[in-house]
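Novice: Next come the chains, spelled out residue by residue.
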Amino acid sequence: MGSYVPSTMEERQAMLQAMGLSSVDELYDAIPSSVKLQGPLQIPEGLSEMEVRSKMEKLAGKNKVFPTVFRGAGAYRHYIPSIVKYIPAKEEFVTSYTPYQAEISQGVLQAIFEYQTDMCQLMDMPVSNASVYDGATAAAEGAAMCRERKRTKTLVSATAQPDTIQVMETYCQAANTELVIVPEKDGKTDKEALKELLDDTTACFYVQQPNYYGLFEDCEELGQIVHEKGAKYIMGCNPIALGVMATPGQCGADVATAEGQPLGMPLAYGGPYLGIMTCSEKMMRKIPGRIVGETTDAEGNRAFVLTLQAREQHIRREKASSNICSNQALCALTASVYLAAMGPQGLRDVANLCLSKAHYAAQQISAIPGFEMVYQGEFFHEFVTSCPVCPQKVMQALEEKGILGGLPLTGDKKGQILWCVTEMNTKEEIDTLAETLKEVAGK
Amino acid sequence: MNLIFESSVAGRKCVQVPPCDVPEYQLPASLTRQQAPHLPEMSETDISRHYTKLAERTYGVNNGFYPLGSCTMKYNPRINEEMASLPGFTGVHPLQPEHTVQGCLEVMALAEEYLCQITGMDEMTFQPAAGAHGELTGVLLIKQYHKMRGDTKRTKIIVPDSAHGTNPATAVMAGFTCVNVPSNEEGGIDLDKLREAVGEDTAGLMLTNPNTLGIFDKNILEITKIIKDAGGLCYYDGANLNAIMGQVRPGDMGFDVVHLNLHKTFSTPHGGGGPGSGAVGCKKLLAPYLPKPHAVAGENGYTMDYDLPQSIGRMKAFYGNFLVVVRALTYVLTLGQKGIPEASRNAVLNANYMMHQLSDTYDIATKGHCMHEFIITLDKMHKEKGVTATDIAKAMLDEGIHPPTMYFPLIVPEDLMVEPTETESKTTLDEVVAALKRIHAMAEENPEHMHELPVKTVIRRPDEVKAARTPVICYHFDK
Chain A
0 MGSYVPSTME ERQAMLQAMG LSSVDELYDA IPSSVKLQGP LQIPEGLSEM EVRSKMEKLA
60 GKNKVFPTVF RGAGAYRHYI PSIVKYIPAK EEFVTSYTPY QAEISQGVLQ AIFEYQTDMC
120 QLMDMPVSNA SVYDGATAAA EGAAMCRERK RTKTLVSATA QPDTIQVMET YCQAANTELV
180 IVPEKDGKTD KEALKELLDD TTACFYVQQP NYYGLFEDCE ELGQIVHEKG AKYIMGCNPI
240 ALGVMATPGQ CGADVATAEG QPLGMPLAYG GPYLGIMTCS EKMMRKIPGR IVGETTDAEG
300 NRAFVLTLQA REQHIRREKA SSNICSNQAL CALTASVYLA AMGPQGLRDV ANLCLSKAHY
360 AAQQISAIPG FEMVYQGEFF HEFVTSCPVC PQKVMQALEE KGILGGLPLT GDKKGQILWC
420 VTEMNTKEEI DTLAETLKEV AGK
Chain B
0 MNLIFESSVA GRKCVQVPPC DVPEYQLPAS LTRQQAPHLP EMSETDISRH YTKLAERTYG
60 VNNGFYPLGS CTMKYNPRIN EEMASLPGFT GVHPLQPEHT VQGCLEVMAL AEEYLCQITG
120 MDEMTFQPAA GAHGELTGVL LIKQYHKMRG DTKRTKIIVP DSAHGTNPAT AVMAGFTCVN
180 VPSNEEGGID LDKLREAVGE DTAGLMLTNP NTLGIFDKNI LEITKIIKDA GGLCYYDGAN
240 LNAIMGQVRP GDMGFDVVHL NLHKTFSTPH GGGGPGSGAV GCKKLLAPYL PKPHAVAGEN
300 GYTMDYDLPQ SIGRMKAFYG NFLVVVRALT YVLTLGQKGI PEASRNAVLN ANYMMHQLSD
360 TYDIATKGHC MHEFIITLDK MHKEKGVTAT DIAKAMLDEG IHPPTMYFPL IVPEDLMVEP
420 TETESKTTLD EVVAALKRIH AMAEENPEHM HELPVKTVIR RPDEVKAART PVICYHFDK
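Chains A and B are the protein sequences, given in the same order. Position 296 (the first sequence) corresponds to 295 in numbering that gives the first Met the number 0; numbering is contiguous. Position 376 (the second sequence) corresponds to 375 in numbering that gives the first Met the number 0; numbering is contiguous.
I should point out that these hints are in silico values taken from the structure, not numbers from a laboratory. On a predicted model such as this, the values are computed, not experimentally measured, just so you know. Just so you know, even glycine gets a beta-carbon here, dropped at the ideal spot from N, CA and C. Any given hint could be a false lead.
If you want a taste of the chain B side facing chain A, the calculated C-beta under 10 Å gives, among others [as the list claims (entries may be wrong)]:
(1) 13
(2) 17
(3) 19
(4) 52
(5) 70
(6) 104
(7) 139
(8) 162
(9) 166
(10) 247
(11) 251
(12) 348
(13) 370
(14) 395
Keeping only pairs whose Cα atoms sit at most 20 Å apart, straight-line, the calculated PhoX-like set for lysine-lysine is [as the list claims (entries may be wrong)]:
(15) B/337 to A/35
(16) B/52 to A/89
(17) B/52 to A/84
(18) B/337 to A/54
(19) A/35 to B/217
Kindly generate the complete structure, drawing on both the sequences and the hints.
Specialist: This is the structure:
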């Protein structure tokens, strides 16, 4: 059995003796005997490190890690430079807590301040918090910060990632407010429907860019439509796409969020990921979560502290803007190191590789009879095709070659496949994919 | 030291991206970014040294004693980190077919089984990413329970005034109004006031036991009975679970739903503020409302169950902070049946020993034994000498010790909340006790000097008022 208790039996005895006690049991005498646990916990006996390793490695071995991946839909496989793995693994970053004691936490505070700057730059927005749980909760918190006394309704485009819509729904229901889904038309937000749904009670509209189907929405125009009706405009962006695409700042967003996972975090079966949250200057005091600010110390030196805490739960209690206390600090650090490693040019290069390879793949796949592009608009690194046979059959054939194919869509899109191509996919892999699809379609 | 942006040199590079092996595609101008972001331009050497310097200016559990009350800053075993970085876990796409993720599903099912045993619950979800997120999930389960029974008048959640600020904030976020109940002298719930507060509008109670004063509320069965008799449900805030594992279970004390902080009790690291995991366990009566999907064992291996028509919905994309669950499972497997209770018993032993050793010098806010943490109050010293809890905390920085939680709970003036955890040795505790006694003597002799501390840290006390009044929250580049 493993143990992380360092004191020896003799030391434990000495501690009890110092207190005039004979057993630790005496320390638990406030617990009514009727509820005290009788007998041992029904969990296995402890293991040595060697045995634990073996057991965990066996569990990991029961998963299949695909050498080639053409699936995204909210989680994206990008290259993670070595330096991006090593720096956030430094023990000080891993084992510290929220930097309450600024004097001995300048490192983590500065790292968060730099992260906030990175996010302001990337999203082209003036304010960023220290991050929240993930992209979906960032969208939900974004909607919450837009709500006012008379404007409580949230609109969300049907073209957003389904998990995001579902999390927004949970949060809106929690606050006893309404969430309305704006229908799609040809794979993009139906603008006419949006105009009709916007009214005096609408707090905000959320759109994802590029959307769930990989298509670029007309974000500037959507922003104008929303603002004309006095509501707030929230954009949820893919951070890699921001290397090339028009920014939330350019499109007039009031709040801009993102799932930060593509910035150096592994797929990891869905988490931990990173919720990026930025907003306009006007909304700074409504943004939830931690914020680090610059100030000076007693000698006038630059110093960093947690700031604007009057918004937060430990001060405001039931009047707080959210109950969130923590951030995803280590993931935020990962994103910062990733952006430093890539630099502005590297980020643009990766975005361009995704864009070009996805278009090459789309061309190759759509040249195969039965695999047609479902939508015509401009897209980034994801696109939807039809499928001449049951998509499951396609996935099976690809799996045999070590390829994770695109995501088979469901509901009224059943029979269609959402493909994703990143810089990790070589031309050779794309050609193999196309050949395999040809074989399956021909059978 | 420099900000990373101040060390940036135009044209310097770290990672090279491979050449494009397909025809290049260009977006139309209307969709294109107009101005490149100001991101750092650095070599790998620059980056490595910058962050090494930042790491040196950061204090973690690996650096030393970290008795942050209510945060359970226990040692984070390295094996947990290594298991969480196995490619068989990190390389799995969340939307892979079920037959290719059996290992992940088994991890979640095993963690659920063991943690339910430890808490006395029947089912558990790992979707919540943090304690506060778990609280929201748990309170929404209570809301859904009443809603599904057509009991719509239950609009109030009862929270003791000693509770962490997240409890009332959560209740409001979940659409409830919050009723504060005063505490008795031991920080426990005042039973008469509780009886007055409950009624047909009571949805539930949020409580941590041991409470925020570090005392086990011996009236716990009476408390949960009062709520149940009024038709409400009981929520256990797992912040203080590290005191009682293997001794008593929330499920046996009358609680219906509990959140755990895997990053506290189950040794996963805090990471400077996250990622954590706020797993939520519940009794059978609340299980139909758990977030979807939920990993379950079937005839042909494990599956993700999406068919939960009464579920509160989704709390997070995908399935939660999976790699944190991997770490927690590694920890539970390591400690096992005997090690888990041993951890709690030593956490309580360490706290009591430290409190006892300090009690001749410092005022302790409570009487009798504590659980895994205790409260020092500097009220008297503040009144007599003008020395505050902050002053004592800042003096600790110069001793190379992370200070305890300050000014919490709010019901004790000038307080420090000390939680040593079980992973500290008697040697460390004795050293810290000696340091705290030195600090006390210094405060008695030269109280004025205390306001000047710390002097050995990389910065002196920061001006927090200035930071909030004129917020500078990102670096401003020269145009």
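Novice: With reference to the structure, classify each hint as holding or not holding.
Specialist: Verification of the supplied hints:
no.: 1; hint: 13; verdict: holds, 5 Å
no.: 2; hint: 17; verdict: holds, 7 Å
no.: 3; hint: 19; verdict: holds, 6 Å
no.: 4; hint: 52; verdict: holds, 7 Å
no.: 5; hint: 70; verdict: holds, 6 Å
no.: 6; hint: 104; verdict: holds, 9 Å
no.: 7; hint: 139; verdict: holds, 6 Å
no.: 8; hint: 162; verdict: holds, 9 Å
no.: 9; hint: 166; verdict: holds, 8 Å
no.: 10; hint: 247; verdict: holds, 5 Å
no.: 11; hint: 251; verdict: holds, 5 Å
no.: 12; hint: 348; verdict: holds, 5 Å
no.: 13; hint: 370; verdict: holds, 8 Å
no.: 14; hint: 395; verdict: holds, 9 Å
no.: 15; hint: B/337 to A/35; verdict: holds, 16 Å
no.: 16; hint: B/52 to A/89; verdict: holds, 11 Å
no.: 17; hint: B/52 to A/84; verdict: holds, 17 Å
no.: 18; hint: B/337 to A/54; verdict: holds, 19 Å
no.: 19; hint: A/35 to B/217; verdict: holds, 12 Å
In summary, the structure agrees with every hint in the numbered list given earlier.
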